[in-house]
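Trainee: Using the sequences and the hints, build the whole thing.
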Amino acid sequence: MKRNLFTTVLLLLLCTTVLFSQAAGESTDDEKTLTLYCYDTFSSEWGSGPTLIPLFEQETGIKVDVVSTGDAVEMLSRAIMEGEDCPADLIMGISDDQASKAYESALFEPYDSPVLEHVDDSLEFDGEHRLIPFDYGVFAFVWDSESDVPAPRSLDDLMDPVYKDKIILIDPRTSSVGLGLLMWTIDVYGEDGYLDWWRAVGQNALTIADGWSSGYGLFTEGEAPIVISYTTSPVYHVLWEDSTRYQALVFPEGHHQTIESIGMLATSRHKEEAKAFIDFILTEGQAETAIANSMYPVNGETVLPDAYEWAPVPDKVFSMDPEYVAANIDRWTEEWTQAMTSL
Amino acid sequence: MRGRKRESAFYPAMAAIPMVLLVIVFLLPLSFNLARAFFDEDGFTLSNVKEVISTPYTYRLLSFTLMQAALSSLVSVLVALPGAYLYANYRFRLKRLMLSLSSLCFVLPSILVVLGFVIFYGNSGFVNDIWRTITGREEAIRILYSFKAIILAHAFLNIPVALTLITEDWAHTPRSQENASYLLGSSKVHTFLTITLPRIMPTVLSAALLIFLFCFTSFSIILVLGGGPQYTTLEVEIYRTNNIVMDSAKASALSLFSFLVNLVILVLYMAVSRNAASREKSRDDRAVRPTSWKTKAAIALYNTLMLIFMLGPLVSILARSVISTSSRYKEGFSLRSYAELFGLHRSVGVMSDAFQALVNSLVIALVVALLSTVMALFLCLYTTRRRSKAVEVVGMFPLAISSVTLGLGYYIIRAHIHSSGVLAGYILVILAHLVIAMPFAMRTISPVMRSGNPRILDAAYTLGASVSRTCFGVEIPMLKTTLARAFIFSFALSVGEVNATLTLAEGKVVTLPILLYRLINSYNYQGACAIGSVLMVMTFIIFALAQAMGTRRSNGNS
Amino acid sequence: MGTLELKGVKKRYPEFTLEIDLSVNEGEFLTIIGPSGSGKSTLLNIIAGLYAPDEGAILLDGRDITSLPPQKRGISMVFQDYALFPSMNVEKNISYAMKIRKVKRSERRRQTDALLSFVNLSGYNRRKVTTLSGGEAQRVALARALSSDPSILLLDEPLSALDASLRRHLRDEVRRIHDENPGVTTIYVTHDREEAFSISDRIAIMNAGHIEMVAGGEEIYNHPNSLFTASFTGEGTSLPAEMFDMDVDADTIFFRPESVTIPQTKFYGDADAYLILEGVKIVSAEFLGSCYLLGLMYEGHRILAESSFRPAEDTMTIYIRKTRLLLFKDGRAVS
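Residue numbers (our numbering), protein chains in the order written: chain A, 1 to 343; chain W, 1 to 558; chain V, 1 to 335.
No lab work stands behind these hints, which were simulated from the structure alone. Quick reminder that beta carbons are idealized off the backbone N, C-alpha and C, glycines included. Be aware that a few hints might be false.
As the list claims (entries may be wrong) - Stretches of chain W that chain V covers, calculated by requiring three or more beta carbons in the stretch to come under 8 Å of a beta carbon on chain V:
#: 1; region: 171-178
#: 2; region: 182-189
#: 3; region: 194-200
Mentor: Here it is, written out as structure tokens:
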């Protein structure tokens, strides 16, 4: 018994030492340390964090402490909860759909960055520049060119019975991509017509997945040849798999756009450094960010790799006013649920 | 009763530490979360709660949630019963392997389960490939994206739970009652129905209720594999309200509602399992070598079907991890993912490569398992010796909470802790995993402790041993195998946990499931399956070890 | 009705092989005793049909029942842990077999009441079996076993879980039940030899899977066929034969404590008829109530002797009646 106790304690000590050694290699120089809240993919090895952060630190001498959680909603909620004590200087990753909540929170301080000159006005969804766009994506259906169904040419096309069980949709109640699709249909068909589209295409749907991860996963495993994703999805496959098999489709009705933004907190004590970071992301950080997130850079001057040729550019793009979204989202998703449940 | 005075300080002191932990790490954030249901911009209000209770939609959701959970539970138990019969009554070589394998399914992250199902049962999946080859038809049999797929997936996850629980109980039921029944002229079937079934019914019920609880809070499996919003649960509504509509008060009201329903089920479960534990049990295993060829055939058949059923999706994940869809490297068989993961290619930056993630997962799991077992032990000691139902229920609370609600609670914790360091990340992750693992550890230890012989302790007391000495020197050593099992299970749960880790680690600590999550988000399904495979193999080895340890001990004792 | 024969019944185990040839007479009360692990319970289970023998035949009234399932043998058993059905009350337990045979309810009620009164538990019908005391439970188990009107009744150490006075009382009950139920052949297993001697017609001694001896109590006690039987069935002393020059072909002599005479004053007897040991030392004296059991030492060997008084001296001479000596060679009795 004593021996077991001894072993247990030894093990515990060993573990704590390992943990401490991890923690040890970390500086806490508060002087010039920026705290950045962003979603988890940023910090991942495949995200832009690991390249951009050291680069920024090198160039400016400002240290950045990256705090990443699951997704933007979590980050925002957390910051709101933390209120005055929020240690973050910057929050990165809030999309225009969620902006209303961000505005309400009054957390953010406007920043008129000089770099915004190079950013198209249509992308600056916040006139007051509290939330500054840094990349954007366009929702599109992606099609498997090796499948036996022809590529649909429009949203209307998807209602065709030839696509029965060939489409993977995503649930707007549980996913921002699903939500994007919902808004896309409202953009195109209006509030009176969008549900008809959903009812029709819902019949053709193999499944309505809970999120992009599972939805796209089903797609790559060959369950169905059409999935809702982004115009930039093929870029990944070209870059890393040398494959042009998966193609994003441009529809003449137009596409819905989602813009990701970064904002500086009013409570920040490192405003100058925060501004420097924002500028950095909007200039040197653009290419890396876009590629890592499979999105487009907002800065028109960014040079992108050739693979981006496989991300088609739609003619028409829609956006929705965040206030409008916030006011109606509850009703829309409820209506949607009603309509889809009685299929 | 036994000398109350003696015991007065010791057992409560033991229970104090885990209770404090539970309160701070779990109950407090939970109550903050649920309390939001009562507050609006204007202050205290019951409107959210009223709205939730009075909307018919809430009840529609509730009824579907209850129905799918009940059906899943029923199916799982019914399929497990014949298996439990065979496993409890007969000894055969594959038994240990089967029991280890089955526990595996339970601890995997759900995204992996979904992926495995798709690769195995999907329209372009393995089963359909075989079907097409055999029948020559082009059309696939549609297994997934339907209600039956939900039940199938839930069964996959939970049949092992029922199988293990019922087998365990049945194996230690003495045969004499059934023998008596045979001698009184009752046929085997009649004996089973009138004697055996009533005897094991409490355990069967308790397994059913536990499975019910798990299925109640199921989320992604239902949506993806079910095929659409016609199959939707309370959890989805909570998620929608919180993350899409961003009405946190209403989300909390819904969470409260869900929590209360779950609590009722939890209390029922505990009452039933208490009943099950109080049945007379024998220390010997009643398993014997099968003699008739019919029995042997039945065992072989059941095992084969089980293996296909359980291994199917798991092997699919393994297979996918070595199939590259990249034309650059070459399509088909490829170990590239593994090479990449283990740092040989493209390893970038300060953030971890897979090896680091593996180490983190192992170390965290080890600490969690140790602490969880110890804390659960302390709590169980208290609840058994002092018969405190309330404390036990509180210890099992985390079972009644869904991951969505838990997640909300976690970032409330995080918001209140102002340290962003790596160490804080580790500590919080460990604490969160601890809270999740403790109910399972308790559920493992408690019944064994309850059916133990209190006379042994009395013997020690009369020999002059103090309460603490008896506890550490006599009581705890008696529980060694059970403690090992609780340890293993806690370890496995920690290794596979992703939601809490994401929120609390803040990107500073990378574990295998987080790597999995990241890989999936960056389109790399082959890589994700590779990590999933590593997770599976690791968990399997651990469970196999536990089984081996358990059997060796009992062989030694007999 | 109730003649049982086991012919060449064999069952192999890692520790020993069970090999039994046994005949049980109709209506007799046979007790099987033996040390733990000798295979007594296994034997009962084989007779009941719960275990299958590897070889051999079991005949009941001349009919081969070896391949019959336990349901069809007409054999009842009372188990060591009573094995009452906890989900049923006393009445339901007892009428369980009747229900299976489709006995009508009124008849079931009548028979149950009769059985309950037979075991002196009238009025216990509605009691929950989990509330019964050990003795009550055992009697219910007995009643239940009798309910199917068996030709053979097996009892597997039914009283071992009870305290001594209850055991005494109940073993008489068991015998009474046997007597008042003519026709029932009873096979009773116990490790308590006093029990065996007091209630059996015949006793079978089992050792490591074999039956050493089957005979009436007196025969077994006074004329055991082996050293094992001798030492198992009562106190006694064994001494190597070579210590005494006796013209016999034996290596061990054995005698019971009561065969030893310790003269209080002077020995009045025919010296030739006795084995005389001198210089025997007393080591211990146990007062048994009716006499003393003395532990003695003679030339390094321990001897047990019965005496009506406690000897005053430490050393003495003892006399053992030669006719009461049992002689053994290689463990088997020689005449």
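Trainee: Take the region 194-200 of chain W, compare each residue's beta carbon with every beta carbon of chain V, and decide whether three or more fall closer than 8 Å.
Mentor: holds (count 4)
Trainee: Are there three or more residues in the region 171-178 of chain W whose C-beta lies closer than 8 Å to some C-beta of chain V?
Mentor: holds (count 3)
Trainee: Cut-off 8 Å, C-beta pairs, minimum 3 residues; does the coverage of the region 182-189 of chain W by chain V stand?
Mentor: Three-residue rule met by the region 182-189 of chain W, so holds; n is 6.
In this structure, none of the earlier numbered hints is contradicted; all agree with it.
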